[in-house]
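Participant: Starting from the given sequences, assemble the full structure and let the hints guide the process.
2 protein chains.
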Amino acid sequence: MTRLFNDPAAFVDEATEGFVAAHAWRVRQVPGGVIRSTKSEPDTVAVVIGGGSGHYPAFAGLVGQGLAHGAAMGNLFASPSAQQIYSVAKAANNGAGVLLSYGNYAGDVLHFGQARDRLVSEGIPCEMVKVIDDVSSASLEEINKRRGIAGDLTVFKIASAAAEAGYTLDEVVRVTEAANLRTRSFGVAFDGCTLPGADDALFHVPEGKMAVGLGIHGEPGISEQEIPSADELAELLVGRLLEELPEGVERANGARASVLLNGLGTIKYEELFVVYRRVNRLLEEAGVRIVEPEVGELVTSLDMAGASLTLFWLDEELERFWHAPADAPAYRKGSVATAEQIDAAELDIPDPDAIPPASEESRQSAGRVLAAIEATREVIVENAEELGRIDAVAGDGDHGIGMERGARAAAETARDAAERGAGAGTLLRMAGDAWADRAGGTSGAIWGAALNALAATIGDETAPDAATIARGVEKARDNIMHFGKAQVGDKTLIDVLVPFSETLTEQVNRQASLPDAWGTAVERAHEAAQATADLTPRIGRARPLAEKSIGTPDAGAISLAMIVRAVHDVLQEQASNG
Amino acid sequence: MTRLFNDPAAFVDEATEGFVAAHAWRVRQVPGGVIRSTKSEPDTVAVVIGGGSGHYPAFAGLVGQGLAHGAAMGNLFASPSAQQIYSVAKAANNGAGVLLSYGNYAGDVLHFGQARDRLVSEGIPCEMVKVIDDVSSASLEEINKRRGIAGDLTVFKIASAAAEAGYTLDEVVRVTEAANLRTRSFGVAFDGCTLPGADDALFHVPEGKMAVGLGIHGEPGISEQEIPSADELAELLVGRLLEELPEGVERANGARASVLLNGLGTIKYEELFVVYRRVNRLLEEAGVRIVEPEVGELVTSLDMAGASLTLFWLDEELERFWHAPADAPAYRKGSVATAEQIDAAELDIPDPDAIPPASEESRQSAGRVLAAIEATREVIVENAEELGRIDAVAGDGDHGIGMERGARAAAETARDAAERGAGAGTLLRMAGDAWADRAGGTSGAIWGAALNALAATIGDETAPDAATIARGVEKARDNIMHFGKAQVGDKTLIDVLVPFSETLTEQVNRQASLPDAWGTAVERAHEAAQATADLTPRIGRARPLAEKSIGTPDAGAISLAMIVRAVHDVLQEQASNG
Numbered sequence: 001m002t003r004l005f006n007d008p009a010a011f012v013d014e015a016t017e018g019f020v021a022a023h024a025w026r027v028r029q030v031p032g033g034v035i036r037s038t039k040s041e042p043d044t045v046a047v048v049i050g051g052g053s054g055h056y057p058a059f060a061g062l063v064g065q066g067l068a069h070g071a072a073m074g075n076l077f078a079s080p081s082a083q084q085i086y087s088v089a090k091a092a093n094n095g096a097g098v099l100l101s102y103g104n105y106a107g108d109v110l111h112f113g114q115a116r117d118r119l120v121s122e123g124i125p126c127e128m129v130k131v132i133d134d135v136s137s138a139s140l141e142e143i144n145k146r147r148g149i150a151g152d153l154t155v156f157k158i159a160s161a162a163a164e165a166g167y168t169l170d171e172v173v174r175v176t177e178a179a180n181l182r183t184r185s186f187g188v189a190f191d192g193c194t195l196p197g198a199d200d201a202l203f204h205v206p207e208g209k210m211a212v213g214l215g216i217h218g219e220p221g222i223s224e225q226e227i228p229s230a231d232e233l234a235e236l237l238v239g240r241l242l243e244e245l246p247e248g249v250e251r252a253n254g255a256r257a258s259v260l261l262n263g264l265g266t267i268k269y270e271e272l273f274v275v276y277r278r279v280n281r282l283l284e285e286a287g288v289r290i291v292e293p294e295v296g297e298l299v300t301s302l303d304m305a306g307a308s309l310t311l312f313w314l315d316e317e318l319e320r321f322w323h324a325p326a327d328a329p330a331y332r333k334g335s336v337a338t339a340e341q342i343d344a345a346e347l348d349i350p351d352p353d354a355i356p357p358a359s360e361e362s363r364q365s366a367g368r369v370l371a372a373i374e375a376t377r378e379v380i381v382e383n384a385e386e387l388g389r390i391d392a393v394a395g396d397g398d399h400g401i402g403m404e405r406g407a408r409a410a411a412e413t414a415r416d417a418a419e420r421g422a423g424a425g426t427l428l429r430m431a432g433d434a435w436a437d438r439a440g441g442t443s444g445a446i447w448g449a450a451l452n453a454l455a456a457t458i459g460d461e462t463a464p465d466a467a468t469i470a471r472g473v474e475k476a477r478d479n480i481m482h483f484g485k486a487q488v489g490d491k492t493l494i495d496v497l498v499p500f501s502e503t504l505t506e507q508v509n510r511q512a513s514l515p516d517a518w519g520t521a522v523e524r525a526h527e528a529a530q531a532t533a534d535l536t537p538r539i540g541r542a543r544p545l546a547e548k549s550i551g552t553p554d555a556g557a558i559s560l561a562m563i564v565r566a567v568h569d570v571l572q573e574q575a576s577n578g
Numbered sequence: 001m002t003r004l005f006n007d008p009a010a011f012v013d014e015a016t017e018g019f020v021a022a023h024a025w026r027v028r029q030v031p032g033g034v035i036r037s038t039k040s041e042p043d044t045v046a047v048v049i050g051g052g053s054g055h056y057p058a059f060a061g062l063v064g065q066g067l068a069h070g071a072a073m074g075n076l077f078a079s080p081s082a083q084q085i086y087s088v089a090k091a092a093n094n095g096a097g098v099l100l101s102y103g104n105y106a107g108d109v110l111h112f113g114q115a116r117d118r119l120v121s122e123g124i125p126c127e128m129v130k131v132i133d134d135v136s137s138a139s140l141e142e143i144n145k146r147r148g149i150a151g152d153l154t155v156f157k158i159a160s161a162a163a164e165a166g167y168t169l170d171e172v173v174r175v176t177e178a179a180n181l182r183t184r185s186f187g188v189a190f191d192g193c194t195l196p197g198a199d200d201a202l203f204h205v206p207e208g209k210m211a212v213g214l215g216i217h218g219e220p221g222i223s224e225q226e227i228p229s230a231d232e233l234a235e236l237l238v239g240r241l242l243e244e245l246p247e248g249v250e251r252a253n254g255a256r257a258s259v260l261l262n263g264l265g266t267i268k269y270e271e272l273f274v275v276y277r278r279v280n281r282l283l284e285e286a287g288v289r290i291v292e293p294e295v296g297e298l299v300t301s302l303d304m305a306g307a308s309l310t311l312f313w314l315d316e317e318l319e320r321f322w323h324a325p326a327d328a329p330a331y332r333k334g335s336v337a338t339a340e341q342i343d344a345a346e347l348d349i350p351d352p353d354a355i356p357p358a359s360e361e362s363r364q365s366a367g368r369v370l371a372a373i374e375a376t377r378e379v380i381v382e383n384a385e386e387l388g389r390i391d392a393v394a395g396d397g398d399h400g401i402g403m404e405r406g407a408r409a410a411a412e413t414a415r416d417a418a419e420r421g422a423g424a425g426t427l428l429r430m431a432g433d434a435w436a437d438r439a440g441g442t443s444g445a446i447w448g449a450a451l452n453a454l455a456a457t458i459g460d461e462t463a464p465d466a467a468t469i470a471r472g473v474e475k476a477r478d479n480i481m482h483f484g485k486a487q488v489g490d491k492t493l494i495d496v497l498v499p500f501s502e503t504l505t506e507q508v509n510r511q512a513s514l515p516d517a518w519g520t521a522v523e524r525a526h527e528a529a530q531a532t533a534d535l536t537p538r539i540g541r542a543r544p545l546a547e548k549s550i551g552t553p554d555a556g557a558i559s560l561a562m563i564v565r566a567v568h569d570v571l572q573e574q575a576s577n578g
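Just so you know, the protein sequences line up as chains A and B, in that order.
Reminder that position 334 of the first sequence reads as 334 in the UniProt record's numbering, one-by-one numbering, no gaps.
Reminder that position 340 of the second sequence reads as 340 in the UniProt record's numbering, one-by-one numbering, no gaps.
Honestly, the hints are just simulated from the structure, not real lab data.
Keep in mind that this is a model prediction, so the values were computed, not measured.
One should not assume that every hint holds.
Within a straight-line C-alpha distance of at most 27 angstroms, the following computed DSSO-like cross-link-like pairs (lysine-lysine) qualify [stated by the list, open to error]:
#1 A:Lys39 x A:Lys475
#2 A:Lys130 x A:Lys333
#3 B:Lys333 x A:Lys333
#4 B:Lys475 x B:Lys130
#5 B:Lys145 x B:Lys130
#6 A:Lys39 x A:Lys333
#7 A:Lys333 x B:Lys39
#8 A:Lys145 x A:Lys130
#9 A:Lys39 x B:Lys475
The following residues of chain A were derived to be distant from chain B, with all beta-carbon distances above 10 angstroms [what the hints assert, rightly or not]:
#10 Ser53
#11 Glu122
#12 Asp199
#13 Leu245
#14 Ala252
#15 Thr266
#16 Ala307
Glycine is no exception: its CB is placed at the ideal position from the N, C-alpha and C atoms.
Facilitator: So this is what it looks like as structure tokens:
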């Protein structure tokens, strides 16, 4: 269990401060995370990694010469927000574009994607590689659905060494994708970890049992069995990984690979070495040439009891980059060239509170948007308790609290932005970021993403017409469906959002006014929400949360229906006031 | 708990094999432990460290360029034997002498001392520095009684950097002792660790409590309290260490120090960083200039839940050596120069089975010594169960088993040595090493030390007369008392050994024959053993084992009395046979 903390809510901020103090000559803190404290070659690609906190050395421990240029650091086991990632990437940028790399989890995919959009819109070339090494999380046919676990390290290391070598962004992407497809991991768990201040572990494995393929946040695994001997575990892990050689590696015999044996927290060094003894022998028997292996704690989950094995199949280029020197807080090899410390004054640290210029029209629109956001806050605050109650039937009961926190933060931020002259797009973006940051969880990510999609469509130049707003809602819907992977019928807010968006677009195409179109869409939304809610007592939770499905089932649908109705009232009032 | 192992008895050997396989380009295995796999400058001092296993990265993880030249690796939490240390030191020796450095625990003191004697007797200059950083284990007045904990790292690092810089052995000792006296640590524990295959942890701290100053093997601490917040823990640790500035550091304000915040196994990185945040602020407030701190797992105890803070107060020379580059499996900083791999054929690896030349007389004596050792085995095997029963009253009940394993191994080794023409001294030394290796525990260390002291006194040149044997017994007694710190009356085998040795010397000085003198001494020994044993039911265990006092109380005294009587029978028989 996690024993040492002050205020659990401040845990990540305080850990970050301590981490930076301990490694001041390698990293420095910027809004959203950390970057190298050393200068990089100008006009080279910057590699920015990130993910939830609690996985040290991932992610901040892997920032430094020869490794990543920056890491965006989310809350414990929660994706960093798009704003955090964007901000770290801006500070890390060396002029030749940014590669974002992160483990394949829904929240990370969503937020890194948004950050990328924002960077590209500002003219910073940006590409993404999501790590998919965990063979137990999806079949080979669905390799793109696999999670990222300890293979983060090999992918980040190769990307960074390629950037350090002066590769262009396209070349960095090519070699990073090659590393990603040639990295395969398989893990087991014996017990979960406890978040600071929590009463119990995130999950448990029954005493004396081992969960095979269980995810590092407790995502379901493949099977459960008795705890094997160290040798049997080695055989299980090596056997599974040798079954699945990546494309380009025809047979294990004679192939070159690096090997990572990773402890997740409380499986300690001596135990790992006992397991590695057998791993090493088995791979040698299979004819694999082992190159610079690593045995230790590379990607953890606080004090989770678990271990994973990673094989990273090399080609000549990958092997060269794997050998390349690195000097990060938690990963050092070879001799790096001495580098100057950066000058903080030269950093491009975006001020998240800065208001970009906007047209007069757009600033007037911003006032209307603010009214809609304030109406949203009112309806959520009024119904927070009821939403919690609904959520408790099928979900974990925190939907009301999360929505209330998010909506309050969004309204407060929006009012401040309006007072400081923000256009409608900027106001929506800042409100969305505030919502995501303060609400946390999946609903925070969804609402953050929705408002950001609207913001990007509306912009700060013109007053949005009905068609633009309908397009913005479509974009929000597409984003959420793309990243969250929920479909209509999964009993999530998608069940409401899809008919709402369809109707809105349809009505606008028929030249209906915005208030009228919106009103018709609200009716459809409420029918859909009702249908969804009615199912709850009969079929229970729609999709297990552990699958990181989208939204809090049905309570999310209901809160969306409430919000669009509240917004309708505002639109009507605004129309009648001229 | 420790979950991953095969045969618990093979745990350390298997972990060592895995460790060496994972770090083959930095370390190589030799009998007794590991040495660097890279060549060192000729005619430089070799730093050889060591201690029990289960503390990774201590000790083997700290072998490599810029750090130690070799590590002797004992069983889990048990000192390496003198033979192991000697063997590693011979292989690591670069021609300018050897510094042995280790934590201050009775078994380590005993065995490193013996190894040093053997190296010196072979003309290899050898000095020792025992680490004494743990302020909670003894008062400042008794600083030499303090234990070594995470301060191992600073002391080893300085010694190694000085050796690397070409310092002579005397200079290395000077700077290492300075580092030792300027390193102060203070630790806390929340729960103990479980040895592989054991049913329960070595010790427990009550749920929700924190033991202050508890030793890493469960040795008693200062007090117990509620688990504090991270900030309160930082205040406790920093406060205690600032109370006690070492000589040469007049005040904290303006002084330069490195800081180690060490996790012992399951207190994880993020927690340590939260604590370090406050440590850093407190030290800055006190005016301490922090130099290259380390936050992580530096000296562990398997999966023990605990943490310690170390302050290492620098002067100019120490700071230079602290900054010096290092490239060990678990500790890397800066850029080390590329070094060639060693040629295994050039290593001086002593063959523990080699029989040095001996005089004909000494070889005949060896036959008599063999008979005495075989008689010892007989009496122990016959009484093993009874000794276990006696030990169970006051100790942990394993005295009989340990003595039986040791005596059997000693007799077997002695017979083999005699058959291969060993002199009496060599035969005793090999028997003593075998006893220590196989018996383990404190009684193994004691009997190994006793036979080694006799061996060194007797040698391989002449047949020992009564006076030589009496001197050998005195030497054995002095060794055991010096290293074990027990006195007559502590209810250990010292209660028997002291009167036995005194009487033997007295009788020999009066010109009594060896059998007669020995016989009189045996009578005194039995009186003393009886007196010791009688006390047991009334006063219970004499000294807590956790203090690493010498011997298993009273069962050790009784087995010694049995052995000297059995040897007396052999002496009489030999005398009557001529």
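Participant: Does the structure break any of the earlier hints, and which numbers would those be?
Facilitator: Structure breaks hints 1, 9, 10, 15, 16.
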